[in-house]
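Line order of the protein sequences matches chains A and B. In this text, residue positions in the first sequence follow our numbering: the first is 1, and each later residue adds one. In this text, residue positions in the second sequence follow our numbering: the first is 1001, and each later residue adds one.
Source of the hints: derived by calculation from the structure; they are not laboratory data. Owing to the predicted nature of the structure, the values given are computational and were not obtained by experimental measurement. Glycine included, every Cβ here is placed at the ideal spot set by N, Cα and C. Take the hints with a grain of salt, since some may be wrong.
What the hints assert, rightly or not - Across the chosen pairs, the derived CB separations fall in these ranges:
1) B:1022 / A:144: 23 to 31 Å
2) A:152 / B:1191: 55 to 63 Å
3) B:1513 / A:321: 33 to 41 Å
4) A:324 / B:1134: 34 to 42 Å
5) B:1444 / A:5: 49 to 57 Å
6) A:147 / B:1324: 29 to 37 Å
7) A:40 / B:1505: 36 to 44 Å
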Amino acid sequence: MAELTKKDFASPAEVKWCPGCGDYAIMNAVREGMVQAGKPRDEVAIVSGIGCSSRFPYYMETYGFHTIHGRAAAIASGLKVANPKLDVWVISGDGDSTAIGGNHFIHAIRRNINLNYVLINNKIYGLTKGQYSPCSEMGQYSKTSPYGVIDYPMAPLKAAMGMGATFIARGLDAIPKLSEEITTRGVKHNGFSMMEIYANCVIYNDGAHKALTDKETGANHRIILRNGEKMIYGADNQLCLVQDGFGIKSANVADVAEGDILVHNEKDAALGALLAGMRPDAGLPIALGIIYADGSKKTYDQMVYEQIDAVKAKRGRTVQKVMEEGHTWTV
Amino acid sequence: MAENAKLTKTEQIVVKFTGDSGDGMQLIGNQLTALAALDGNDVNSLPDYPSEIRAPAGTIAGVSGFQMCLGDHKVYTAGDAPDVLVAFNPAAVKHSSKFVKPGGMIITNADSFTEKAMEKVGYKSNPLEDGSLAGYDVKAIPMTTLVREALADMDMPNAAKDRCKNFFTMGVLCWLFDKDKNLVLNFIQEKFGPKAKKPLLQVAEANTKAFTAGLNYGETTIMFQERYTMGAAQIEKGLYRNITGNDASALAIAAAGAKSGLQPFIGSYPITPATDLLHYASEFKDLGLVTMQMEDEIAGICCAVGAACAGNLAFTTTSGPGLALKTEAAGMALILEVPLVIVNVQRGGPCTGLPTKTEQSDLLQSMFGRNGDSYMPIIAANSPADCFNACFQGAKIALKYRTPVIVLTDGYIGQGSCPWKVPKLEELEDLTPYVNFYKPEDHPGETYQPYKRNPETLARDWAIPGTKGCQHRIGTLEKDALTGAVSHDPMNHHIMTETRLKKVELVANDLPALEINGKESNKILVVSWGGTYGAVKGAVDRLIAEGKPVSGINLSWAWPFPKNLGDILSRFDKVLVPELNMGQLSLMLRAKYLVDVQSLSKVQGDPFREYEVIDKVNEMLGE
Ligand SMILES: Cc1ncc(C[n+]2csc(CCOP(=O)(O)OP(=O)(O)O)c2C)c(N)n1
Ligand code: SF4
Ligand SMILES: [Mg+2]
Chain A
1 MAELTKKDFA
11 SPAEVKWCPG
21 CGDYAIMNAV
31 REGMVQAGKP
41 RDEVAIVSGI
51 GCSSRFPYYM
61 ETYGFHTIHG
71 RAAAIASGLK
81 VANPKLDVWV
91 ISGDGDSTAI
101 GGNHFIHAIR
111 RNINLNYVLI
121 NNKIYGLTKG
131 QYSPCSEMGQ
141 YSKTSPYGVI
151 DYPMAPLKAA
161 MGMGATFIAR
171 GLDAIPKLSE
181 EITTRGVKHN
191 GFSMMEIYAN
201 CVIYNDGAHK
211 ALTDKETGAN
221 HRIILRNGEK
231 MIYGADNQLC
241 LVQDGFGIKS
251 ANVADVAEGD
261 ILVHNEKDAA
271 LGALLAGMRP
281 DAGLPIALGI
291 IYADGSKKTY
301 DQMVYEQIDA
311 VKAKRGRTVQ
321 KVMEEGHTWT
331 V
Chain B
1001 MAENAKLTKT
1011 EQIVVKFTGD
1021 SGDGMQLIGN
1031 QLTALAALDG
1041 NDVNSLPDYP
1051 SEIRAPAGTI
1061 AGVSGFQMCL
1071 GDHKVYTAGD
1081 APDVLVAFNP
1091 AAVKHSSKFV
1101 KPGGMIITNA
1111 DSFTEKAMEK
1121 VGYKSNPLED
1131 GSLAGYDVKA
1141 IPMTTLVREA
1151 LADMDMPNAA
1161 KDRCKNFFTM
1171 GVLCWLFDKD
1181 KNLVLNFIQE
1191 KFGPKAKKPL
1201 LQVAEANTKA
1211 FTAGLNYGET
1221 TIMFQERYTM
1231 GAAQIEKGLY
1241 RNITGNDASA
1251 LAIAAAGAKS
1261 GLQPFIGSYP
1271 ITPATDLLHY
1281 ASEFKDLGLV
1291 TMQMEDEIAG
1301 ICCAVGAACA
1311 GNLAFTTTSG
1321 PGLALKTEAA
1331 GMALILEVPL
1341 VIVNVQRGGP
1351 CTGLPTKTEQ
1361 SDLLQSMFGR
1371 NGDSYMPIIA
1381 ANSPADCFNA
1391 CFQGAKIALK
1401 YRTPVIVLTD
1411 GYIGQGSCPW
1421 KVPKLEELED
1431 LTPYVNFYKP
1441 EDHPGETYQP
1451 YKRNPETLAR
1461 DWAIPGTKGC
1471 QHRIGTLEKD
1481 ALTGAVSHDP
1491 MNHHIMTETR
1501 LKKVELVAND
1511 LPALEINGKE
1521 SNKILVVSWG
1531 GTYGAVKGAV
1541 DRLIAEGKPV
1551 SGINLSWAWP
1561 FPKNLGDILS
1571 RFDKVLVPEL
1581 NMGQLSLMLR
1591 AKYLVDVQSL
1601 SKVQGDPFRE
1611 YEVIDKVNEM
1621 LGE
């Protein structure tokens, strides 16, 4: 069979997101990831929750399950364990993942189930027409925060590192190539691939990430990480990251010795946790790209069957035998 | 010498054990159950434990119990008032003596009646001496002293020796009930002897000594004037095993997996009294049974739905509050139309309620506890052994109709035990015909339509992920009646809602016609469902034997109802429904058949006793 293209992963359904919605770019990136993974379409399943972003499966020429709000991670966990041969993707919004679904989200990461998890973060509840989410910023105005949000925001990738994540990455709808790199690496990662992709909601949170996307200044607030490369960023590559006690700080390249500029190491979990939590309000850029990746940890779905095989080898009972165990007698 | 204690033939004996919850009441109860069953009796038992694992020792709150009935005939319940109470300390005596039959026997540990222990439960004077137990035949045995004496030459701490009290008591009971001592001796060897999974040779020796001391005690003291013997019950031939309802359910899940050819899968979260099911099933890795202990009940059912979508035979197991959490996802299975079995071991509600006590108060939750018009079939197990059947049938109906099914058991039958005739796997119904996943090669030239239906069962065509060329999208939004694509069309929703209800009604085609216990038409019909089966059956049998104009039926399916139910109800002047709730089945029968059902409610954490049903029927008969 000829190699599949992105088009082959488009279902005939009409896409109903608002024109300009960030979800389009992300869908494109996911299709690219699927092309790169090289699995036939009938061995790919997408599970989503509820939200604008969760309409995603309808637009994809794969098996798709549009389920209930917040539970996609749990449903996908069962699906993947039941049939590990499938490539299983989860598409979920920031509300879906971190509010109602927070519990399932963190535990799926903890189990390291081999899922490709795309958290589309527009820092708002889109589908229900504009309420703030756990990822909304302090002070953000929305229909349920007309005077500004007073909840401290959640950092999904930092939470993921706390749960022992094996792969975290962050993308931005405005940088489609980077999103494609992330989905391609994510689908190939052996383990739970946590991909947070920032998206704009043109209707309810327009400019959700404008600090990062601004043509002039955006590059000063984001750093695109490359494994093994020095962490330098800024519109003119004028900024860099250096060590600061147990933490990290931003510095002018001109002001530091070249050797003091930190080098990105995907496999360094402590570094990953720091990078995941960087925020502009602490004078640090938002980390984009592959922040942490270590595929050496066994996956849950793999261990389920290893354990079954081990117990089979050791005990190897049949259903009949087990039914006849215990205190039996013959009448 | 009591060697010539009179041996009296008896038809049934009800025994209750009570003691500190840490003292192993379930263990000794189960041992006597096994002993009686091995000896040919029919047995039924009911554990009764407090919700605190170790409430303060010696307090009333910490009393744990286990009641059982052994008989030379079919016994349907753990019995009414105990003939023999074995109460291991003053708290247990204080807690349980009032339940004993007038003149019944109370066996207790005389050594435990210290000032301090009595004071703790408010005994001002020693009840063994002050005549307050005068109405009973009290056997105060210095168990601690006797056991320590029997184990005097063993090098173990007194605390460990004292734990052998249970086997000492077994010795006394073995003698008192004329049972074969070798059955117990063999059991000790099997459990602790050199060939055991975890041999504990010292424990084996100590228990053997304590047991023998108990036997000898019965034989040589003058305390007992009478002992009891009982014939074997008439039981269908076969291999038997004593089993709890929860264990039977776990086995049914494994068996249904084997008979369907699908990988069995349980998504769950621990909750009393359903947890034992998950414990047992978790041991079945060698049977290829996948168990996922999730982060909560919602995740439990959700991963089961995911597994079902992938073509596993999926179950989720829980109890009342857990079922409440599962409601939205149960609706998801319903609208996706995938097979799923929800096993709910009911307990006292509402909310946390009485975790360790039985109740049947989740019937209406099972029936109506979801948003939208969302019916699903409900099957109710009527005994510990019947849990096997209920779960297996649940799996069959779920597969055949592509629907979630609720299996209702309860704390009483889930934790209670009775002999179970072990089936031969090859004799169980083959479930493979109901699997029939959609395969494109079986339908040349056809485009796969996920909501195209089998006209007989209304089960939809179902292609699981991985099926070549059948990739499609489904979801929890209303779907087009054929393509499964999202549809907001008003008439389509009406049709889909009707179809989902109709499909569940069609399950009635699979249900056997109800059989009436007694005359086909009569003054009073007593309807049992689920766990009330035993008490109602026993009561109706006795009433019929007394010539009373009473008949009985038992409902295994609480939804849909068997087809001949309406007709049967109409043939009786009065209908009585005893249930462990405030009249939930009564409400359903009244609504469906416009029959003036009378309800006998009991929500005391305890199953019905036969006499309660008999008294109510007599009252209705004006007697
Ligand atoms: C149980 C339940 N509660 C609430 C809702 C309503 N609801 C649907 S989507 C949503 C939030 C969606 O926000 P997000 O996950 O960020 O997705 P987005 O629409 O922004 O892509 C809410 C509150 C629901 N469908 N189900
Ligand atoms: S409301 Fe926002 S998130 Fe939803 S489709 Fe429109 S732009 Fe996208
Ligand atoms: Mg959102």
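Verification of the supplied hints:
1. Hint check: residue 1022 (chain B) to residue 144 (chain A), Cβ distance near 51 Å, so the stated range 23 to 31 Å is violated.
2. For residue 152 (chain A) paired with residue 1191 (chain B), a C-beta distance near 56 Å keeps the hint of 55 to 63 Å intact.
3. Roughly 36 Å separates the CB atoms of residue 1513 (chain B) and residue 321 (chain A), a value that falls within the hinted 33 to 41 Å.
4. Checked against the hint of 34 to 42 Å, the C-beta distance between residue 324 (chain A) and residue 1134 (chain B) comes to roughly 49 Å, which is inconsistent with it.
5. The beta-carbon spacing between residue 1444 (chain B) and residue 5 (chain A), approximately 28 Å, falls outside the hinted interval of 49 to 57 Å.
6. Taking the beta carbon of each, residue 147 (chain A) and residue 1324 (chain B) are about 36 Å apart, inside 29 to 37 Å as hinted.
7. Judged by the Cβ atoms, the range 36 to 44 Å given for residue 40 (chain A) and residue 1505 (chain B) holds: they are separated by roughly 40 Å.
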